[in-house]
Amino acid sequence: MKKRHKIMLARIISSATATVLLNLLPIEGVLRLVLFTAVYLLIGYDILWEALCGIYNRQFLDENFLMAIATVGAFALAVYTKSGDYNEAVAVMLFYQTGELFQSIAVGKSRKNIAALMDIRPDFARVERGELVEVDPSEVAVGEVIVVRPGDRIPIDGVIIEGEGSIDTSALTGEGVPRDIRAGDGVVSGCINLTGLLRIRTERDFGESTVSRILELVESASSRKSRSEKFISKFARIYTPAVCGAALALAVIPPLCGLGEWHSWLYRALTFLVISCPCALVISIPLTFFAGIGGASREGILVKGSNYLEALAEVKTVALDKTGTLTRGAFEVTDIIENKIEKEKLLEIAAHAEGSSTHPIAKSIVAAFDGTIDLSRVSEIREIGGLGVNCKIDGVAVTVGRRATAPNAPEYSGASTAVYVSIDGKFSGIILVADAVKEESRKAIEELKRIGIEKCVMLTGDGEAVAAEVAKKLGIDEYRASLLPADKLTEVEALLSDKSRVAFVGDGINDAPVLARADVGIAMGAMGSDAAIEASDVVLMKDDPRDVAKAIAIARKCISIVKQNIIFSLAVKFGCLALVAMGFADMWLGIFADVGVMVLAVLNAIRAMRK
Numbered sequence: 007m008k009k010r011h012k013i014m015l016a017r018i019i020s021s022a023t024a025t026v027l028l029n030l031l032p033i034e035g036v037l038r039l040v041l042f043t044a045v046y047l048l049i050g051y052d053i054l055w056e057a058l059c060g061i062y063n064r065q066f067l068d069e070n071f072l073m074a075i076a077t078v079g080a081f082a083l084a085v086y087t088k089s090g091d092y093n094e095a096v097a098v099m100l101f102y103q104t105g106e107l108f109q110s111i112a113v114g115k116s117r118k119n120i121a122a123l124m125d126i127r128p129d130f131a132r133v134e135r136g137e138l139v140e141v142d143p144s145e146v147a148v149g150e151v152i153v154v155r156p157g158d159r160i161p162i163d164g165v166i167i168e169g170e171g172s173i174d175t176s177a178l179t180g181e182g183v184p185r186d187i188r189a190g191d192g193v194v195s196g197c198i199n200l201t202g203l204l205r206i207r208t209e210r211d212f213g214e215s216t217v218s219r220i221l222e223l224v225e226s227a228s229s230r231k232s233r234s235e236k237f238i239s240k241f242a243r244i245y246t247p248a249v250c251g252a253a254l255a256l257a258v259i260p261p262l263c264g265l266g267e268w269h270s271w272l273y274r275a276l277t278f279l280v281i282s283c284p285c286a287l288v289i290s291i292p293l294t295f296f297a298g299i300g301g302a303s304r305e306g307i308l309v310k311g312s313n314y315l316e317a318l319a320e321v322k323t324v325a326l327d328k329t330g331t332l333t334r335g336a337f338e339v340t341d342i343i344e345n346k347i348e349k350e351k352l353l354e355i356a357a358h359a360e361g362s363s364t365h366p367i368a369k370s371i372v373a374a375f376d377g378t379i380d381l382s383r384v385s386e387i388r389e390i391g392g393l394g395v396n397c398k399i400d401g402v403a404v405t406v407g408r409r410a411t412a413p414n415a416p417e418y419s420g421a422s423t424a425v426y427v428s429i430d431g432k433f434s435g436i437i438l439v440a441d442a443v444k445e446e447s448r449k450a451i452e453e454l455k456r457i458g459i460e461k462c463v464m465l466t467g468d469g470e471a472v473a474a475e476v477a478k479k480l481g482i483d484e485y486r487a488s489l490l491p492a493d494k495l496t497e498v499e500a501l502l503s504d505k506s507r508v509a510f511v512g513d514g515i516n517d518a519p520v521l522a523r524a525d526v527g528i529a530m531g532a533m534g535s536d537a538a539i540e541a542s543d544v545v546l547m548k549d550d551p552r553d554v555a556k557a558i559a560i561a562r563k564c565i566s567i568v569k570q571n572i573i574f575s576l577a578v579k580f581g582c583l584a585l586v587a588m589g590f591a592d593m594w595l596g597i598f599a600d601v602g603v604m605v606l607a608v609l610n611a612i613r614a615m616r617k
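What the sequence shown shows, in my numbering, is residues 7 to 617, in sequence order.
Treat the hints with care, as some may be off.
[Stated by the list, open to error] List of simulated lysine-lysine pairs, BS3-like, C-alpha gap at most 27 Å: (1) Lys449 / Lys432; (2) Lys479 / Lys455; (3) Lys449 / Lys322; (4) Lys461 / Lys478; (5) Lys479 / Lys444.
[What the hints assert, rightly or not] Have a look at the derived ranges for each label pair, beta carbon to beta carbon: (6) Ala442 / Gly190: 14 to 22 Å; (7) Arg408 / Val443: 21 to 29 Å; (8) Asp211 / Leu58: 47 to 55 Å; (9) Asp211 / Asp341: 42 to 50 Å; (10) Ser503 / Val148: 37 to 45 Å; (11) Pro261 / Tyr51: 30 to 38 Å; (12) Lys398 / Glu445: 22 to 30 Å.
Derived by calculation from the structure, the hints in this document are not laboratory data.
Where is the CB? At the ideal position from N, CA and C, for every residue including glycine.
Using the sequences and the hints given, assemble the complete structure.
Listed below in structure tokens is the structure:
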């Protein structure tokens with residue numbers, strides 16, 4: 007427990023103990039008033055001070071003013087009626103401060119999640135400048151070499167040029183399993199190097215690195231308010247003067263009309279003020295959104311503001327980019343068909359023929375071969391413009407490429423890319439290469455449908471055959487194929503015209519306009535393009551499409567809690583106000599209506615932090 011929480015708890019316990027003792031001791035008159043006043047000031051001095059500051063700044067119609075005027079009035083009534091019962095004034099302040107303590111602890115818990123994310127900021131970077139120098143990460147230039155020791159946090163995005171080991175990415179992605187890395191792999195700032203010494207060539211300034219972008223997103227999240235929060239702010243500005251006016255009317259009009267004694271109606275008016283305090287709404291609604299954003303960040307989901315959390319909860323249609331979102335965005339060999347020789351032998355020959363090529367399809371064929379490429383076996387390599395490659399392997403002529411390079415080859419009409427292999431002038435087989443679907447993608451679509459998403463639409467620049475096959479494999483409702491970036495924007499606008507909230511999920515730089523146009527733009531993965539992350543409203547730190555459904559579920563839970571608190575708080579408050587006005591309730595009911603409802607609302611709000 008924090009120091010200020012301990013101090014508050016000590017004040018509450020000591021004030022409650024003193025109140026009990028004063029009621030047990032036979033103390034009367036002025037001494038009783040003085041002692042109860044001392045207890046009252048002990049528990050409520052900060053509220054009284056805030057009320058005085060509010061009056062001085064002409065912004066006094068808040069909960070501090072209402073609590074101060076109600077409790078001071080209760081003291082005055084006890085003196086006026088000579089009852090000596092100062093318990094209500096002290097009790098109201100005591101329970102109000104208890105509610106404030108609950109609220110402060112709840113906010114502290116929520117902030118703890120955000121603070122844990124803020125810890126990803128590295129304190130220093132070790133740079134090779136003739137010797138190792140520790141500098142602030144912001145002083146490292148692009149292209150400099152930094153050294154990261156085991157246990158250190160990677161300070162800047164870059165590529166490993168020497169070393170291997172594993173890194174902890176949990177602070178960024180929420181993923182607890184370490185990731186293995188080696189020379190040539192890209193790494194992002196904020197991760198912790200677990201094993202091995204790494205030399206990394208930086209690729210970005212610190213201000214443009216992943217960790218800086220994440221911190222900027224989180225720090226600015228609270229500035230974008232939801233409709234619910236704006237409603238509460240407007241409601242409080244109208245509601246507070248209205249109830250103060252109603253309390254004044256309740257205190258003055260009935261006794262002027264001869265309907266009772268002044269002190270009786272004044273007591274009702276003061277109780278009316280205690281109950282009318284809208285702190286349950288003012289505190290719990292922003293706290294719920296704050297807790298929701300904090301809980302989402304712990305799951306590796308960054309929401310840029312509570313307005314986007316609210317919009318996410320209303321999404322009914324999800325449009326998804328294919329490449330890099332539902333698929334891995336990298337080619338791999340999926341099958342070998344029509345082979346005239348053993349598949350392993352055919353793949354070996356094709357891998358040697360493509361061994362020196364940098365084409366993505368060629369790289370996928372080389373990667374699929376388990377053996378070692380011996381380029382000394384290959385000679386007379388010649389590229390055939392746009393068609394493939396000719397060469398000799400162990401003195402035998404080999405052609406690898408499109409169907410036009412293979413004599414008498416059968417036509418393949420499936421969704422994969424077909425690579426034809428000919429050996430010694432004869433067609434020998436077809437290697438099928440495709441952009442592999444992520445293992446999580448089908449589960450992601452199932453999860454979206456399970457939580458009530460009405461339509462899942464895939465948007466892709468790939469051809470009809472590829473799009474149809476992927477959509478069928480994943481169970482996607484609709485797809486649009488052969489789309490240019492501008493076409494994707496048109497398709498999303500068509501979906502928006504259906505009057506249902508649309509979320510778009512993408513990761514590439516060409517997705518940025520669509521991410522910005524959708525009701526909710528969701529950028530996939532911390533490694534996504536800067537433009538996509540900048541244009542999006544939600545960033546999924548992991549490359550896992552299942553997190554789309556998780557983000558929507560978190561948002562819906564958050565909004566559900568907000569609605570529960572609004573309905574519950576207003577129902578109890580207006581019900582108790584009516585009872586007080588009619589004389590059926592006293593100050594103790596006011597304590598429950600104000601503080602009790604606030605505590606319940608705050609406890610309900612912190613549920614948004616849980617999964």
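Consistency of the hints with the structure:
no.: 1; hint: Lys449 / Lys432; in the structure: violated (43 Å)
no.: 2; hint: Lys479 / Lys455; in the structure: holds (15 Å)
no.: 3; hint: Lys449 / Lys322; in the structure: holds (18 Å)
no.: 4; hint: Lys461 / Lys478; in the structure: holds (14 Å)
no.: 5; hint: Lys479 / Lys444; in the structure: holds (11 Å)
no.: 6; hint: Ala442 / Gly190: 14 to 22 Å; in the structure: holds (21 Å)
no.: 7; hint: Arg408 / Val443: 21 to 29 Å; in the structure: holds (24 Å)
no.: 8; hint: Asp211 / Leu58: 47 to 55 Å; in the structure: holds (49 Å)
no.: 9; hint: Asp211 / Asp341: 42 to 50 Å; in the structure: holds (45 Å)
no.: 10; hint: Ser503 / Val148: 37 to 45 Å; in the structure: holds (44 Å)
no.: 11; hint: Pro261 / Tyr51: 30 to 38 Å; in the structure: holds (33 Å)
no.: 12; hint: Lys398 / Glu445: 22 to 30 Å; in the structure: violated (40 Å)
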